[in-house]
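Peer 1: Residue numbers (my numbering), protein chains in the order written: chain S, 1 to 128; chain D, 1 to 366.
Do not rely on the hints blindly, as some may be mistaken.
Below, computed lysine-lysine pairings styled on BS3-like, alpha-carbon distance capped at 25 Å [stated by the list, open to error]:
#1 S:K63 with S:K11
#2 D:K257 with D:K2
#3 D:K41 with D:K166
#4 S:K17 with S:K52
#5 D:K338 with D:K352
#6 D:K215 with S:K92
#7 S:K92 with D:K41
#8 D:K279 with S:K86
#9 D:K125 with S:K63
#10 D:K279 with S:K128
#11 D:K41 with S:K86
#12 S:K63 with D:K159
#13 S:K104 with S:K17
#14 S:K63 with D:K215
#15 S:K48 with S:K17
#16 D:K199 with S:K63
In short, the hints are calculated from the structure, not lab data. Note that the structure is predicted; figures quoted are calculated from it, not measured.
What follows is each chain in one-letter form.
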Amino acid sequence: MPTPSDRKYAKTHEWVKIDGTTAVVGISDHAQSSLGDITFIELPAVGKKVTKGQSCSVIESVKAASDIYAPVSGEISEVNSELTQKPETINKEPYGAAWLFKIKGYNDSDISDLMDSAAYDAFAESEK
Amino acid sequence: MKRTFLYESHVSLSALMAPFGGFEMPIQYEGILAEHFYTRKSASVFDTCHMGEFSIKGPDAAADLDRIVSCDISTLEIGQCKYGFICNENGGVIDDQITYRLSRDGFFMVVNAGTQDADFEWVKKNISPTTSFVNLSAETGKIDLQGPDSPQIITRLLKVPVAGLKYYQWMENSYHDNKVLISRTGYTGEIGFEIYLDKKRTIEFWNECLELGAKPAGLGARDTLRIEMGYPLYGHELNAARNAAESGFAKAISTAKRFIGSDVVHDGGNRRDLLCGIKLDGRRTARNGDTVNNLDGDAIGTVTSGSFSPSLSCAVALGYVAKQFSGIGQKVLISSGKNSLPGVITAVPFYKTATARRPMREFFTS
Chain S
1 MPTPSDRKYA KTHEWVKIDG TTAVVGISDH AQSSLGDITF IELPAVGKKV TKGQSCSVIE
61 SVKAASDIYA PVSGEISEVN SELTQKPETI NKEPYGAAWL FKIKGYNDSD ISDLMDSAAY
121 DAFAESEK
Chain D
1 MKRTFLYESH VSLSALMAPF GGFEMPIQYE GILAEHFYTR KSASVFDTCH MGEFSIKGPD
61 AAADLDRIVS CDISTLEIGQ CKYGFICNEN GGVIDDQITY RLSRDGFFMV VNAGTQDADF
121 EWVKKNISPT TSFVNLSAET GKIDLQGPDS PQIITRLLKV PVAGLKYYQW MENSYHDNKV
181 LISRTGYTGE IGFEIYLDKK RTIEFWNECL ELGAKPAGLG ARDTLRIEMG YPLYGHELNA
241 ARNAAESGFA KAISTAKRFI GSDVVHDGGN RRDLLCGIKL DGRRTARNGD TVNNLDGDAI
301 GTVTSGSFSP SLSCAVALGY VAKQFSGIGQ KVLISSGKNS LPGVITAVPF YKTATARRPM
361 REFFTS
């Protein structure tokens, strides 16, 4: 699956796409593939203040549990609650239907610290 | 790290590999969920070459084995095999095993990979000097073919029809003029077979199973399948410190004989806990070592295995729970890290419609 160039990426394998005044967050194809079949997600509460680099969600696969880190600081404005019953969507459509949550009130400087798709591809390859 | 005879096959299938029992083993190929469901609906092959096989022969072999394993050996008929425990003097479990009676005086024992060296030393120490005891593991290939399509697949591969084979029976058979041993046993709950063959024929047999429609399944699916059935895994549900009787596998423990550890195992006063199934309300998984609490918050037990159950679409666990709290329907809270996971003690198997014990003729009609 090609890495979309319309968004930015964190070293912890989340992606961030700017949609108006909110930052939409998901996990990369590389991340879902490494986790394997995803069976559970715990999403943050709407209204929760999150800090860049801190854990704010948990994903479990048949093999393992993994933290999801906030790629930017701000406040959770919306979560994709459909994933709670259908977490396998994260395996199937990591860049589309399986966005995890949205953050409002983020700083532009947090965004510019993230990698573009080419830099992320190189980073993910180096981690293999 | 050791490799099985099928290592190259796993690499060519791009399996995700990881260490297990001293071997580099395939965890998954296509994915754990897909492999799990394919085993329940069609048929899968599992590389189980890592397991240990011993030959035990001689006029005293049956009496020796009756002293070493918890199940009845003297009454075992030729053509049958039996599941039981190898216990230490304290009634703890050194390993779980299956013994096949090959002849009046000849037996074949299958044990776990990680324990096989210790098992070999233990049996050797406790066997009569006149009984021949040989480790066949280095020459013996083993493949498990499991799932509703396996009777049809195996029929096309072996010379002698297997249709008459009942659950926990074995037969000698022929694969391209090579002698093989096949038993109607397995670790998935589905109808299927464990096939023991010459290591030189293992890759060929594996490939032919795939050509006939079986798919490869790894240790990931093997674990989710066995947990749904409530089957124990050595090192989790069974270990040297845990009284074998607490496992609740009464059929594996003979009360009609004495064996090493039986003084402890037979004494009901030593049974404090019971191995239980716990069905969780949600999808979040409990982990080995998590504490089981009753609704008053008292610790009543410990989780030994936890997994997402693909067939039930919720998390399930196995664990030891104090006997007085182990009734079916008892509500529990599992402390897992900072989370408290609600669940209920449930009769195993969790998955009720597995096919292992169904008449084999049902699988030849389609």
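Peer 1: Hint by hint, note whether the structure agrees.
Peer 2: Results for each hint:
1. In summary, the hint linking K63 of chain S to K11 of chain S is supported, as the alpha carbons are separated by about 22 Å, within the 25 Å threshold.
2. Simply put, K257 of chain D and K2 of chain D have alpha-carbon atoms about 38 Å apart, too far for the 25 Å limit, and the pair is violated.
3. For the suggested pair K41 of chain D and K166 of chain D, the alpha carbons sit about 20 Å apart, so the restraint of at most 25 Å is met.
4. Under the criterion of a C-alpha separation no larger than 25 Å, the hint pairing K17 of chain S with K52 of chain S is consistent with the structure, at around 15 Å.
5. Simply put, K338 of chain D and K352 of chain D have alpha-carbon atoms about 32 Å apart, too far for the 25 Å limit, and the pair is violated.
6. About 22 Å separates the Cα atoms of K215 of chain D and K92 of chain S, which keeps this hinted pair within 25 Å; it holds.
7. Among the hinted pairs, K92 of chain S with K41 of chain D is consistent with the structure: their alpha-carbon atoms are about 22 Å apart, no more than 25 Å.
8. As the CA atoms of K279 of chain D and K86 of chain S are separated by approximately 19 Å, the hinted pair is consistent with the 25 Å bound.
9. This hinted pair does not check out: K125 of chain D and K63 of chain S have alpha carbons roughly 39 Å apart, beyond 25 Å.
10. Between K279 of chain D and K128 of chain S the CA atoms are separated by roughly 36 Å; this puts the pair beyond 25 Å, and the hint is violated.
11. Between the alpha carbons of K41 of chain D and K86 of chain S the distance comes to roughly 22 Å, so the proposed pair stays at or under 25 Å and holds.
12. A hinted pair counts as satisfied when its Cα atoms are at most 25 Å apart, and K63 of chain S with K159 of chain D does not qualify at roughly 39 Å.
13. Only pairs whose Cα atoms come within 25 Å are accepted, and K104 of chain S paired with K17 of chain S is accepted, the gap being roughly 12 Å.
14. Note on K63 of chain S and K215 of chain D: the hinted pairing holds, with a Cα-Cα distance of about 20 Å set against a maximum of 25 Å.
15. Taking the CA atoms of K48 of chain S and K17 of chain S, the gap is about 19 Å. The hint holds against a cut of 25 Å.
16. A threshold of 25 Å between alpha carbons decides the hint, and for K199 of chain D with K63 of chain S the separation of about 30 Å lies outside it, so the pair is violated.
The structure does not agree with the numbered hints 2, 5, 9, 10, 12, 16 stated previously, though it agrees with the rest.
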